[in-house]
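Chain order of the listed sequences is A and B.
Take the first sequence: its letter number 103 is residue 113 in the working numbering, and every next letter is one higher.
Take the second sequence: its letter number 84 is residue 85 in the working numbering, and every next letter is one higher.
Rather than coming from a laboratory, the hints here were simulated on the basis of the structure.
Quick caveat, the model's predicted, so the values are computed rather than measured.
Worth double-checking, as some hints may not be accurate.
Stated by the list, open to error - Calculated lysine-lysine pairs in the DSS-like style (CA-CA distance at most 30 Å, straight line):
id, chain 1, residue 1, chain 2, residue 2
1, A, Lys31, B, Lys106
2, B, Lys106, A, Lys21
3, A, Lys21, B, Lys103
4, A, Lys21, B, Lys99
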Amino acid sequence: MAAIPDGIVLKRHRDLVGRAKDAWIRRALLLLVGVVPLLALFNVFGQRPSVTTARSAKADLELYAPGHLRGGLLWEARFTISAHRDVKDAVLELDKGWLEGMTMNTIEPSPIGEGSNDGKLVLDLGHVPSGRRHILFVQFQVNPTNVGRRPQDVRLYDGKTLLATIHRQVTVFP
Amino acid sequence: MDLAIRAVALFCFVYLITRIIGRRELSSLEPFDLILLIVMGDAIQQGLTQDDYSVTGALIVIGTFAILQVLVSYLSFRFPRLRPALDGEPIVVVQDGKAIEKNMKRERITVEEVLVEARQQQVASLDEIAWAVLETSGKISIIPKQ
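Bound conformation, chain A alone (with noise of 0.2 Å):
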């Protein structure tokens, strides 16, 4: 036999001896791997939008957003009321988890006013006839640095009077 390269050992280098479980630990490890971009299939991180609904006597408010983000990623949410009767002066009330850390890149069509109550942001919307839909197009982007949960309430006001909520938090991975 030729002779035993210096620094290899026969029993750990060429028999393994207490080696076996490091193959086990790799295989673990690389299942622990897989497992990100298969949990990802299954929109645990986001960003695949799905649809909320508040019902009320006088209108539905839909909410069509992800639930989940990433930071720096492009997203819509989609507000839709559909009037059941007239809805006089039609007004959403957004928690702050959607404008902290968030780029607000447009909003379609402009709401007629904007103002803040207690914090939260106000967008006031004016008439929805009754059997008529408004749908509210708002596009954002996802500040890197915004991590975390936050609440996404919406309210749907007609003047000052509350018609549905949406009670829905998102959340941001790194």
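Position chain B against the provided structure of chain A, taking the given hints into account.
Just chain B now, with coordinates in the frame of chain A:
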């Protein structure tokens, strides 16, 4: 601070990936591997600096990487017990002209790959190999028979 945390997280992830992906895969640089490497680099950069184009940002990231790299190297030097986990260990794949199937299978190496390495080191056949060792770098060292 955010940049430094992201740099630490990605350094650890890339280190983990390079340790578990298999050393042979990393040592060979075929055209596809080269493209994959560039794509991975781009994905890492985007996750790392995101929209930060500043020199300060680059200094933070590069500085963090440099410190982590020195730290890993120091840990490996200072604590020999950590060395197998941090750097891996060599594996004998051929002894006295005979391939050690169990070890080759474990590292997903074929006899043909060993022969390619042997030819590059002026060794013509498996019979002429005294030892072939898969090093921690992923290269195969060939020691010919005397």
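Structure-inconsistent hints, enumerated in ascending order = none
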